[in-house]
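*Asks:* Taking my numbering, the leading residue of the sequence shown gets 1, the next gets one more, and so forth.
None of these hints come from the bench; they were simulated from the model. Hints may be right or wrong, so weigh each one.
[What the hints assert, rightly or not] Taking lysine-lysine and the BS3-like style, the derived pairs with C-alpha atoms no more than 27 angstroms apart in a straight line are:
(1) 35 with 48
(2) 5 with 69
(3) 48 with 109
(4) 48 with 116
(5) 69 with 116
(6) 69 with 94
(7) 132 with 116
(8) 115 with 46
(9) 69 with 46
(10) 94 with 116
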Amino acid sequence: ARTFKRKTLVKMINWTAALLTGVACFGGYLIVLVKKINSHRKAEEKIKRARNRRDESLQRAEQAVLWYKESHPTTDSALILTLSLSELTQQLNKGLLSPEDVLYSYMEKTLAVNKKLNCCTEVLLESLDQLKTVGSNKDGLLYGVPVSIKENLAFKVLQRLYLWRFIWWEGLSSGGAPCLV
């Protein structure tokens, strides 16, 4: 009778241990799942904030271009866009073109290309403020020439890439990560 009780007790202990192990594994799975869901939500929030920031920037740029075109109807954007860099700098230095005409012409072209290709993340409207002081510094090599910056952002590949969506993942280490342009 004692061996029977001992065997029964051992079986109960084994079943209890197995049950507790299963519960612990399931609990760990739930914790990982909740963390993954929260991480996904945070990523979606960052994407939404970045998209809103980009959309606002592009809308303000479009409004600025429309305002400039209405107030300066004689500006020949097509001609400005055909000039080479050396021709553009020469005409700017000689005063034949104004930095404002050049900036707004290139901004208009940038917005048109973005509508077709969705290639801009932001238009830096601080350049409009810089126009106010650019006339006092005509000595620079690129006086009045708008500059477009293409950033090479390195980031770790996420386990789930959003189809054709590349985001700048704030706070993510880029050590050994591939580079997207």
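*Asks:* Each hint needs a verdict: does it hold in this structure or not?
*Replies:* Hint check:
Between residue 35 and residue 48, the direct Cα distance comes to roughly 20 angstroms. Compliance with the 27 angstroms bound is thereby established for this hinted pair. A threshold of 27 angstroms between alpha carbons decides the hint, and for residue 5 with residue 69 the separation of about 95 angstroms lies outside it, so the pair is violated. A distance of roughly 26 angstroms separates the Cα atoms of residue 48 and residue 109; the hinted pair therefore holds under the 27 angstroms criterion. Straight-line distance between C-alpha atoms of residue 48 and residue 116 comes to about 21 angstroms, which keeps the hinted pair within the 27 angstroms bound.
With a C-alpha separation of about 21 angstroms, the suggested pairing of residue 69 with residue 116 holds against the 27 angstroms cut-off. Between residue 69 and residue 94, the direct Cα distance comes to roughly 23 angstroms. Compliance with the 27 angstroms bound is thereby established for this hinted pair. For the hint pairing residue 132 with residue 116, the CA-to-CA distance comes to about 31 angstroms; that exceeds 27 angstroms, so the pair is violated. Restraint check for residue 115 and residue 46: satisfied, since their Cα atoms lie roughly 23 angstroms apart, inside the 27 angstroms limit.
Note on residue 69 and residue 46: the hinted pairing is violated, with a Cα-Cα distance of about 35 angstroms set against a maximum of 27 angstroms. Of the supplied pair hints, the one linking residue 94 and residue 116 is violated, its CA atoms being roughly 35 angstroms apart against a limit of 27 angstroms.
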